[in-house]
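Here the protein sequences line up with chains A and B, keeping their order. The numbers in numbering that gives the first Met the number 0 rise by one with no breaks, and the one at position 243 of the first sequence is 242. The numbers in numbering that gives the first Met the number 0 rise by one with no breaks, and the one at position 125 of the second sequence is 124.
In short, the hints are calculated from the structure, not lab data. Mixed in with the good hints, there may be bad ones.
The list treats identical chains as interchangeable, and a pair is accepted whether it falls inside one copy or across any two copies.
Distance condition first, Cα-Cα at most 27 Å in a straight line; then the derived BS3-like pairs of lysine-lysine [stated by the list, open to error]:
{"hint": "1", "residue 1": "Lys182", "residue 2": "Lys103"}
{"hint": "2", "residue 1": "Lys202", "residue 2": "Lys174"}
{"hint": "3", "residue 1": "Lys103", "residue 2": "Lys322"}
{"hint": "4", "residue 1": "Lys202", "residue 2": "Lys42"}
{"hint": "5", "residue 1": "Lys106", "residue 2": "Lys11"}
{"hint": "6", "residue 1": "Lys241", "residue 2": "Lys364"}
{"hint": "7", "residue 1": "Lys81", "residue 2": "Lys322"}
{"hint": "8", "residue 1": "Lys180", "residue 2": "Lys81"}
Number of protein chains: 2
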Amino acid sequence: MTEQFSFRLLAKDGAARRGLVSTPRGDIRTPAFMPVGTAATVKAMFPQDVRATGADIVLGNVYHLMLRPGAERVAALGGLHKFMNWPHPILTDSGGFQVMSLSKLRKLNEEGVAFQSHIDGSRHMLTPERSMEIQRLLDSDIHMQFDECVRLPCTDAEAERAMRLSLRWAERSRKAFGDAKGKALFGIVQGGASEPLRIESAKALAGMDFHGLAIGGLAVGEPQDVMLAMLDIVIPHLPEEKPRYLMGVGTPDDIVQSVLRGVDMFDCVMPTRAGRHGLAYTRFGRVNLRNARHADDAAPLDEGAACASARDYSRAYLHHLVKAQEILGMMLLTEINVAYYQELMAGLREAIEQGRLADFIAETKEGWARGEAKAL
Amino acid sequence: MTEQFSFRLLAKDGAARRGLVSTPRGDIRTPAFMPVGTAATVKAMFPQDVRATGADIVLGNVYHLMLRPGAERVAALGGLHKFMNWPHPILTDSGGFQVMSLSKLRKLNEEGVAFQSHIDGSRHMLTPERSMEIQRLLDSDIHMQFDECVRLPCTDAEAERAMRLSLRWAERSRKAFGDAKGKALFGIVQGGASEPLRIESAKALAGMDFHGLAIGGLAVGEPQDVMLAMLDIVIPHLPEEKPRYLMGVGTPDDIVQSVLRGVDMFDCVMPTRAGRHGLAYTRFGRVNLRNARHADDAAPLDEGAACASARDYSRAYLHHLVKAQEILGMMLLTEINVAYYQELMAGLREAIEQGRLADFIAETKEGWARGEAKAL
Numbered sequence: 000m001t002e003q004f005s006f007r008l009l010a011k012d013g014a015a016r017r018g019l020v021s022t023p024r025g026d027i028r029t030p031a032f033m034p035v036g037t038a039a040t041v042k043a044m045f046p047q048d049v050r051a052t053g054a055d056i057v058l059g060n061v062y063h064l065m066l067r068p069g070a071e072r073v074a075a076l077g078g079l080h081k082f083m084n085w086p087h088p089i090l091t092d093s094g095g096f097q098v099m100s101l102s103k104l105r106k107l108n109e110e111g112v113a114f115q116s117h118i119d120g121s122r123h124m125l126t127p128e129r130s131m132e133i134q135r136l137l138d139s140d141i142h143m144q145f146d147e148c149v150r151l152p153c154t155d156a157e158a159e160r161a162m163r164l165s166l167r168w169a170e171r172s173r174k175a176f177g178d179a180k181g182k183a184l185f186g187i188v189q190g191g192a193s194e195p196l197r198i199e200s201a202k203a204l205a206g207m208d209f210h211g212l213a214i215g216g217l218a219v220g221e222p223q224d225v226m227l228a229m230l231d232i233v234i235p236h237l238p239e240e241k242p243r244y245l246m247g248v249g250t251p252d253d254i255v256q257s258v259l260r261g262v263d264m265f266d267c268v269m270p271t272r273a274g275r276h277g278l279a280y281t282r283f284g285r286v287n288l289r290n291a292r293h294a295d296d297a298a299p300l301d302e303g304a305a306c307a308s309a310r311d312y313s314r315a316y317l318h319h320l321v322k323a324q325e326i327l328g329m330m331l332l333t334e335i336n337v338a339y340y341q342e343l344m345a346g347l348r349e350a351i352e353q354g355r356l357a358d359f360i361a362e363t364k365e366g367w368a369r370g371e372a373k374a375l
Numbered sequence: 000m001t002e003q004f005s006f007r008l009l010a011k012d013g014a015a016r017r018g019l020v021s022t023p024r025g026d027i028r029t030p031a032f033m034p035v036g037t038a039a040t041v042k043a044m045f046p047q048d049v050r051a052t053g054a055d056i057v058l059g060n061v062y063h064l065m066l067r068p069g070a071e072r073v074a075a076l077g078g079l080h081k082f083m084n085w086p087h088p089i090l091t092d093s094g095g096f097q098v099m100s101l102s103k104l105r106k107l108n109e110e111g112v113a114f115q116s117h118i119d120g121s122r123h124m125l126t127p128e129r130s131m132e133i134q135r136l137l138d139s140d141i142h143m144q145f146d147e148c149v150r151l152p153c154t155d156a157e158a159e160r161a162m163r164l165s166l167r168w169a170e171r172s173r174k175a176f177g178d179a180k181g182k183a184l185f186g187i188v189q190g191g192a193s194e195p196l197r198i199e200s201a202k203a204l205a206g207m208d209f210h211g212l213a214i215g216g217l218a219v220g221e222p223q224d225v226m227l228a229m230l231d232i233v234i235p236h237l238p239e240e241k242p243r244y245l246m247g248v249g250t251p252d253d254i255v256q257s258v259l260r261g262v263d264m265f266d267c268v269m270p271t272r273a274g275r276h277g278l279a280y281t282r283f284g285r286v287n288l289r290n291a292r293h294a295d296d297a298a299p300l301d302e303g304a305a306c307a308s309a310r311d312y313s314r315a316y317l318h319h320l321v322k323a324q325e326i327l328g329m330m331l332l333t334e335i336n337v338a339y340y341q342e343l344m345a346g347l348r349e350a351i352e353q354g355r356l357a358d359f360i361a362e363t364k365e366g367w368a369r370g371e372a373k374a375l
């Protein structure tokens with residue numbers, strides 16, 4: 000354990016990095032996947048089971064938590080870790096993304112964003128300073144700067160306006176964050192799908208005193224090649240000695256491709272959301288358990304999986320639970336998916352250490368392409 | 000382990016009994032509470048967590064399972080235990096109760112009940128013989144006779160007709176059950192709220208070759224005193240050497256009162272259903288977590304509980320999860336409730352062994368009356 004936030008690069012394989020983020024609440028092995036705990040819960044999972052999948056850190060959403068149960072309330076109850084019974088590191092987003100995608104009657108200006116809650120219509124204001132205050136009240140270990148995220152595709156003019164606003168908000172976020180002992184603050188690269196805007200944003204943020212840099216405004220609907228092209232453009236301008244976090248990404252293949260390009264941290268609702276909708280992620284690709292062909296299939300999803308839930312229940316049973324809309328179906332598939340994501344990250348980390356990332360990726364893709372385990 | 004079903008009376012305290020049901024799949028300590036696993040899952044619980052609460056046996060519903068996924072399918076997949084990953088004893092009801100309460104366009108005659116599925120409208124027929132066949136296909140350890148259960152209040156004529164039909168179906172069920180090695184078949188006492196009908200039913204069933212006797216047609220809307228009066232009437236006519244199962248009961252107090260009168264086995268959806276609706280059962284009574292007074296309460300539901308989920312999460316957090324309709328709220332409260340029911344049964348068993356049941360019940364009621372732990 001450390002008293003300060005730090006990042007150490009342990010190994011490289013090409014551009015891919017194996018690292019260790021240290022925080023007073025524990026270490027985060029990178030490349031890392033952070034399960035999303037939107038409303039102070041990784042949906043449909045007990046926190047001890049999230050931990051058991053190998054997760055070192057989870058994410059909390061400022062937008063959701065400020066509206067319900069409220070940041071001041073969480074602080075009075077001892078902070079988000081105690082509240083959700085997760086004593087390990089937590090990263091909070093800044094609210095910037097979700098205030099634009101979820102809230103009603105938004106009004107954005109230089110100061111921040113005024114909006115109405117999607118839950119009860121109550122009025123709120125988010126600014127860089129208030130976002131920092133909320134993240135401090137939640138007592139998260141890694142704070143994110145307040146930013147404006149535009150959807151792709153968008154005009155370059157729109158991307159430029161939002162990027163420059165986000166840079167000014169980055170400065171205000173950094174100032175408001177101050178010298179929070181043991182905590183980290185990450186800046187967020189914006190700039191839409193424009194090469195010069197992305198480079199300008201990355202360079203400006205690299206020159207500020209952040210503990211890590213995130214790449215935002217991707218995985219917002221664009222094709223994978225656009226996202227990867229942006230990574231190729233941005234990453235050379237990010238400081239080698241700071242962790243790099245690609246926000247909201249993604250599919251297992253998105254993650255593999257991004258690790259290959261030097262990304263260290265990821266978060267995405269995909270494994271948890273898919274688990275609530277009858278979809279499983281496995282070493283043999285994605286399996287839709289709604290499909291009637293599973294109804295009589297006694298085989299488990301993956302009898303070689305590390306996760307017992309992927310071994311101990313037949314596809315027929317999972318199909319039955321999904322069809323009957325049983326909560327246990329969501330519980331099992333969510334756990335199986337989060338465990339697979341963590342298994343993939345562990346594999347990537349080991350492969351980078353051993354200098355055999357290319358082979359590992361080839362083997363991983365072979366598994367996905369081969370389709371379900373039964374086809375063996 | 001035993002190769003045959005058996006029941007041993009270990010201790011008595013007044014009319015209350017401490018016993019042991021033995022089956023080839025494991026023992027059931029009585030008085031026992033059986034969590035309900037309607038559609039091959041105790042809703043919102045992993046089977047290993049059901050076990051960890053202290054449950055020796057769960058219940059499966061013939062009506063639900065015959066419609067989805069289908070008894071022949073479960074048999075082809077290796078039986079219900081393997082299907083739901085619960086290797087311990089399972090009791091199945093006969094379908095008689097739910098076909099009357101859930102299905103559409105029922106037509107009942109001497110032969111059985113023709114009905115349409117509430118799921119997809121498909122047509123089915125349940126008879127004593129088909130019910131036995133389905134329970135055999137599911138491979139349950141304790142089968143229930145096929146019966147007709149009338150709702151209370153009802154006329155004596157209606158109760159009499161249904162009771163006599165149920166007796167004829169009891170004979171057909173017994174014959175169809177045959178000599179299933181290691182399995183048990185229980186008869187079901189009917190007769191509405193009529194003393195002579197209940198006694199006639201109990202005597203007739205006591206004279207047949209059943210492994211245990213159940214009391215059906217109670218907990219169907221009548222006040223507790225009507226239910227207890229029926230127990231006082233029926234139980235003296237049940238054989239001492241066979242286990243007694245009160246179907247569909249009940250609240251913690253219903254269970255305590257029934258154990259006091261000599262009942263050995265119970266099942267009820269109450270702890271699981273309540274858990275999905277924001278209600279907790281604890282040593283300090285029932286707690287409605289929806290209530291806003293919990294919003295800032297840092298205290299757990301019961302810091303002295305055996306169940307970690309009752310100790311490790313604040314009421315404020317549980318309130319938040321319930322308000323936000325988070326699945327984890329249902330998971331935690333279901334587990335807490337099932338664990339409390341099992342803790343209550345363990346307490347009853349120990350008290351009977353020690354001949355201090357009256358004291359235990361007085362202490363238990365004192366806890367419920369005292370209200371929530373915070374009031375201490």
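Verification of the supplied hints:
1. Taking identical chains as interchangeable, the C-alpha atoms of Lys182 and Lys103 are never at most 27 Å apart, the minima being 32 Å within one chain and 61 Å between chains.
2. In this homomeric assembly, Lys202 and Lys174 come within 27 Å of each other (Cα to Cα) only inside a single copy, at 19 Å, whereas the closest approach across copies is 84 Å.
3. Taking CA atoms no more than 27 Å apart as the test, Lys103 paired with Lys322 passes between copies only; the shortest distance there is 20 Å, against 34 Å inside one copy.
4. Taking the closest pair of Cα atoms, Lys202 and Lys42 never come within 27 Å of each other, the shortest separation being 37 Å inside a single copy and 53 Å across copies.
5. Taking the shortest alpha-carbon separations for Lys106 and Lys11, neither the intra-copy value of 44 Å nor the inter-copy value of 73 Å comes in at or below 27 Å.
6. In the homo-oligomer, the alpha carbons of Lys241 and Lys364 never lie at most 27 Å apart, since the shortest distance is 29 Å inside one protomer and 60 Å across protomers.
7. Proximity of Lys81 to Lys322 under the C-alpha cut-off of 27 Å is restricted to the inter-copy arrangement: shortest distance 19 Å between copies versus 36 Å within a copy.
8. In this assembly of identical chains, Lys180 and Lys81 lie within 27 Å of each other by CA distance solely inside one copy; the values are 19 Å within and 52 Å between copies.
The structure fails hints 1, 4, 5 and 6 (numbered hints given earlier, in ascending order).
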